[in-house]
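Please arrange chain F on chain W, whose structure you already have, making use of the hints.
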Amino acid sequence: MNVEEMLRQTMVDRADDVAGSPTIGRAGRAREQARSMRRRQYAATAVAALAVTAAGIGASGLLGGNPPPEPAPEPTRVIDVAPSFAGRTLITSGETHDGEPLFLTVDAPSGSEWMVTCAGLGPEYVVHRAVDDQFEETAPCGPLEVLGESMSFRWSSAEPVGNDVELAVWITLGGEAVQPEGAILAAAVYEMPPAVTMLAGTDVAPLEVSLGQEWAYLDSVESEPGERRLTVTFPAFDEEVLLELVTDPVGASADVELLVDGVATASPRTFPLGGSSTGDRLNALEAHTVTLRIVGDVPPDARLGIVRRRLADGQ
Amino acid sequence: MVRPTAIHAGATDRVAEFEDFVASRATRLLTTAYLLTHDHGRAEDLLQTSLAKLWLAWSRVDEPDAYVRKVMVTTYASWWRRKWRGEKPSDAVPETSASQPTRDPDMWSALARLPRGQRAVLVLRFYEDLTEAETARVLDCSVGTVKSQSAKGLAKLRIDAALVDEGRATR
Numbered sequence: 001m002n003v004e005e006m007l008r009q010t011m012v013d014r015a016d017d018v019a020g021s022p023t024i025g026r027a028g029r030a031r032e033q034a035r036s037m038r039r040r041q042y043a044a045t046a047v048a049a050l051a052v053t054a055a056g057i058g059a060s061g062l063l064g065g066n067p068p069p070e071p072a073p074e075p076t077r078v079i080d081v082a083p084s085f086a087g088r089t090l091i092t093s094g095e096t097h098d099g100e101p102l103f104l105t106v107d108a109p110s111g112s113e114w115m116v117t118c119a120g121l122g123p124e125y126v127v128h129r130a131v132d133d134q135f136e137e138t139a140p141c142g143p144l145e146v147l148g149e150s151m152s153f154r155w156s157s158a159e160p161v162g163n164d165v166e167l168a169v170w171i172t173l174g175g176e177a178v179q180p181e182g183a184i185l186a187a188a189v190y191e192m193p194p195a196v197t198m199l200a201g202t203d204v205a206p207l208e209v210s211l212g213q214e215w216a217y218l219d220s221v222e223s224e225p226g227e228r229r230l231t232v233t234f235p236a237f238d239e240e241v242l243l244e245l246v247t248d249p250v251g252a253s254a255d256v257e258l259l260v261d262g263v264a265t266a267s268p269r270t271f272p273l274g275g276s277s278t279g280d281r282l283n284a285l286e287a288h289t290v291t292l293r294i295v296g297d298v299p300p301d302a303r304l305g306i307v308r309r310r311l312a313d314g315q
Numbered sequence: 001m002v003r004p005t006a007i008h009a010g011a012t013d014r015v016a017e018f019e020d021f022v023a024s025r026a027t028r029l030l031t032t033a034y035l036l037t038h039d040h041g042r043a044e045d046l047l048q049t050s051l052a053k054l055w056l057a058w059s060r061v062d063e064p065d066a067y068v069r070k071v072m073v074t075t076y077a078s079w080w081r082r083k084w085r086g087e088k089p090s091d092a093v094p095e096t097s098a099s100q101p102t103r104d105p106d107m108w109s110a111l112a113r114l115p116r117g118q119r120a121v122l123v124l125r126f127y128e129d130l131t132e133a134e135t136a137r138v139l140d141c142s143v144g145t146v147k148s149q150s151a152k153g154l155a156k157l158r159i160d161a162a163l164v165d166e167g168r169a170t171r
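Line order of the protein sequences matches chains W and F. Numbered by this note's numbering, the letters in the first sequence go through residues 1 to 315 in order. Numbered by this note's numbering, the letters in the second sequence go through residues 1 to 171 in order.
Rather than coming from a laboratory, the hints here were simulated on the basis of the structure. Even for Gly, the Cβ is constructed at its ideal location relative to N, Cα and C. Treat the hints with caution; some may be incorrect.
As the list claims (entries may be wrong) - With beta-carbon atoms standing in for the labels, derived distance ranges: (1) Pro-180(W) with Arg-14(F): 29 to 35 angstroms; (2) Ala-155(F) with Asp-301(W): 55 to 61 angstroms; (3) Pro-180(W) with Ala-155(F): 16 to 22 angstroms; (4) Ala-23(F) with Glu-166(W): 39 to 45 angstroms; (5) Ser-157(W) with Glu-19(F): 38 to 44 angstroms; (6) Glu-240(W) with Glu-19(F): 30 to 36 angstroms; (7) Asn-2(W) with Thr-12(F): 46 to 52 angstroms.
Extracted from the complex, chain W is given alone in its bound form:
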């Protein structure tokens, strides 16, 4: 059997895995989700419009005093930027339209989270991010985005405070810088709350968000430097547990894979060593053996960490 035939056969066989999934109610749920997405867009638009209107009223003198100079009209923002979430507090944010490059100059405190998004374009467009002309990273753009989906990163508490740090975000197509109509670039910087601990070179925050819910730190474990794998058997816990996976060092050419009870379950199956991932869950009332392992060459300073989280109070 050649590889094409094997591939076809495997896909056909695997189709059975989801063959019995119910379709009843799926269209209704999709329409409800669509309404939520639309409400979120409208809310962001309305808030921005309100701010512009208020500025206009002030400028017109209706609130008393001499009319101040006419403010330059601000474009309505499309990407929703929350003033705070999960203990983070917004420091600043910016948004440009029609592909205009975005620049944010920030006094970056130690322990901050930087979120970037490129929306309104197909994945053939590439968004670039650089910090003080360094650490350039790229990602494909997307059609409907929320802040941080394209990329986000943290300025850890171990790093020095950076004054006047410039974040630059721009778009390319086929390697050439472009400013496509309809493109939206957005970025926001949040101050993180004090870390609970540091694991594998990563600040572990008291709260993380997954599927709109806040999850509080429960406990954590870390590998010895240079170990290929970290395996932990967690006893049964009375609540569902969220896993946060953290790894070090950044820039190594290796991937990390998660196994739960011996089975690779994470999707994406692997993520780059140096990155982190939040979202895998463990069933309540069951013991689980969790393994985080490096696929590829293991740097001598490699470290792996697993954080367990439980739903925060009030969630």
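Chain F in isolation, oriented as in the chain W frame:
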């Protein structure tokens, strides 16, 4: 009062059309999502998000099948790019080893090791049976890109250790 009634009837028709489309296509689309993500819960989430985006555009979409495929692949790509702090938009719990299919795990795992762009091309070409031109339209790329991504993906499968060790991928 004719106008509101007419509008309401139109909206009802659109809902019915959408319901029919989902009923007839959801299983196939879910399979495509599963082949892309290799995870049932994540596939459910990918399909649901894609259908929501389809509904937002329903009144102006001529080919819903092609549109939703495009949204699905693009959304899938946007998940992939979250290299840092990637929140998984799935509430699925890990499957146990007992529920893991045992059919051809080597090809399945080899497919999972492909870069996402190549995997998307192979799923569209070899499961959805799209032509190279149709695949190019879904992915918003050239036919040449589809050809090269498909060739690279197949070449990687041929040399994947899991398949080579067993001497199964013959060409």
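Now for the hints, and whether the structure bears them out:
1. Pro-180(W) with Arg-14(F): 29 to 35 angstroms: holds, 30 angstroms
2. Ala-155(F) with Asp-301(W): 55 to 61 angstroms: violated, 34 angstroms
3. Pro-180(W) with Ala-155(F): 16 to 22 angstroms: Given range 16 to 22 angstroms: violated, Cβ gap about 33 angstroms.
4. Ala-23(F) with Glu-166(W): 39 to 45 angstroms: violated, 52 angstroms
5. Ser-157(W) with Glu-19(F): 38 to 44 angstroms: violated, 51 angstroms
6. Glu-240(W) with Glu-19(F): 30 to 36 angstroms: At 33 angstroms between Cβs, range holds.
7. Asn-2(W) with Thr-12(F): 46 to 52 angstroms: The hinted range 46 to 52 angstroms holds for Asn-2(W) and Thr-12(F), with Cβ atoms some 50 angstroms apart.
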